[in-house]
Every structure is written in C-alpha cells, then in structure tokens.
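> Mapping of the sequence shown onto the numbering used here: position 69 corresponds to residue 72, and the numbering continues sequentially without gaps.
Keep in mind the hints are simulated off the structure, nothing from the lab. Here a beta-carbon is modelled for each residue, glycine too, at the ideal position from N, C-alpha and C. Please note that a few of the clues may not be correct.
Label-pair restraints from in silico Cβ distances [claimed, not checked]:
1. Ser144 to Gln201: 45 to 51 Å
2. Glu11 to Leu243: 46 to 52 Å
3. Ala261 to Ala102: 45 to 51 Å
4. Asp82 to Glu266: 15 to 21 Å
5. Pro30 to Thr270: 24 to 30 Å
6. Asp190 to Phe32: 14 to 20 Å
7. Ser31 to Ser205: 34 to 40 Å
8. Ala34 to His81: 18 to 24 Å
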Amino acid sequence: MSLILQREDYFPGDTLPVTVAERLPQPSFPAHRHTFSEIVIVWRGNGLHVHNDRPWLVTCGDVFFIQDDDCHSYDSVHDLVLDNILYCRDRFSLGIDWAQLIPARTAESPVCWRLTTRGLALARGVVTQLERECRKNDPLSIQLAEALFLQLALILRRHVYAADRPWALPEGEQLDLLMSALQGSIDRPFDLTGFCQQNQLSERALKQLFRQHTGMTPSHYLRQLQLCQAKYLLRTRECLISEIAARCGFDDSNYFSAVFMRETGLTPSAWRQQFIASARPAGLPCRLT
C-alpha cells in the first residue's frame, strides 16, 4: 500500500489552486500517491524516478506530469534539485481548457518531457514568482497564482520537446543537442568526438557543461538510459535476454548481464522474476513503445 499525500498538508488554504514545493535537494522517497496533481521540473543533478512502475533517469530539464491517481517514487538520487508545482484542477476559476495544455496519461502521450535550455530559464522565473504568490491566501494572490500557473503551462508547451521528436530542437542549444543525440542512441554506440566535430563544438567544454548540469558524464548518462530501458523491457516484454541487450546497445549479452548486475545487484533474469507474479499482459512481442 503506497503512501498518500493529502492536500491539507501542502496547500496553505482550502481555496488556493496552486502551490510550489521546493526540493533542494530531493531525497530518495518511497512510492506514493496524492490527492492533488503536480508538475515536476528538474533543475540539476540526477536520479531514478519510478512513475507507475516505469523507471526514468531524470536530470536537468526533465518535466513530469503526475496525476492524482499516479504512483511514483525517487531513488539513487545525486544532488537532484527540482520543484513540484502542485495543483488542484477543481479549484481553478479561469475559463481555460486545461486538457489542451496539460497532457493526460495515455498510451500515445509521454508523461516525461524535456525543456530546452531557453524554456528552462523562462520556467524558472515563473516558478520563482509563483512560489512567492502561493504563500498568500488573499483573493488577488489566488488569481495571480492561477495566472502564473497558466503562464508556466504555456511555456512548457512552447519550449518542450519529447525524447522521440529531436527535430523540434532549436539550433545552437549545445546541451539540448547533446541530450537529444544521446536519447536517440540507446540502441547503438555514441561517438561524442564525431558529434562535436559535426556540430563544431568543443568536446572538453561540452563535457564540462554536461557534468555541471547533470552531475554525470555523457557516457554515464547514456549507460543509465540503456539500463532504464532494459528494466522496462524486462518487466513488460517476454524477450530473450540477448534481444533486450541488443535493443539497449549491448552487443554482448554476457557483458550486459555483468553491467546490469553491478548496477542493480541482480541478474536480468532475477530482476525479471520479481514481476512474474504481477498482473501484466503475457506474450507481448519485443518492441519498444
């Protein structure tokens, strides 16, 4: 039974529609649900975010949309700094079609987005203003808090790109370009030197920038992405271990098993066995979704 976080413990008043919960840093936190919804924006560091049983490697620029019936947790965190923008949709008074701005959880719609560097800077400014206003409970502050939340939602829509849509990236965003390239290389080796030459970037400066924002090297980030994808496939697809290894960028399944065990303490087969008893569709083909 997961922990349930209640509105009255986080919202200063029973009419306030939005509030901000800073996590500086975000510690490991057990699986929980809410009686409210939230938008999670990651500013710095890295960690493992498990959302409805799916593991995600999170770092700067990642955005999650958590509904009140979702279950999520944080683990293996390293200087993970984020803001939780909590909201109660039933308390909104503006005549806005929020369904057009805040994505619902569907099979086709990802729950995790990434903000461009420009979008991250704009969002930070709005969240700072929102954090100040949501401490007050007078009518004007409540209206302003909702208006700022609308501004934030519009910024996210304008400056976000999904991991499977790298063509939406603006030119000249060095960190964004590298993030997109790494996310598209889960199933194959990544040549950082060739990437930097192709985009006329300094490899040393880009590595420093990447570590400054994520706390990881590009190669470590890619390896963690591959392991998250492997965990997802092991849990949801009845594939041979060698097939999963290949889909996650490992030519040698024995090496994949050794890396997986070093990171998790379990072999891929033993990790999968934990979920055999859980209710999930059987016999699904080995394909990415």
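> Give a verdict on every hint.
The hints, checked one at a time:
1. A beta carbon spacing of about 50 Å between Ser144 and Gln201 agrees with the range 45 to 51 Å that was offered as a hint.
2. The beta-carbon spacing between Glu11 and Leu243, approximately 50 Å, falls within the hinted interval of 46 to 52 Å.
3. Taking the beta carbon of each, Ala261 and Ala102 are about 46 Å apart, inside 45 to 51 Å as hinted.
4. Separation of Asp82 from Glu266 is about 19 Å and conforms to the stated range, judged on CB atoms against 15 to 21 Å.
5. A hinted range of 24 to 30 Å for the beta carbons of Pro30 and Thr270 is consistent with their spacing of about 29 Å.
6. For the hinted restraint 14 to 20 Å between Asp190 and Phe32, the CB-CB distance of approximately 31 Å leaves it violated.
7. Hint check: Ser31 to Ser205, Cβ distance near 35 Å, so the stated range 34 to 40 Å holds.
8. Distance hint check for Ala34 and His81: the Cβ-Cβ separation is about 20 Å, which falls inside the suggested range of 18 to 24 Å.
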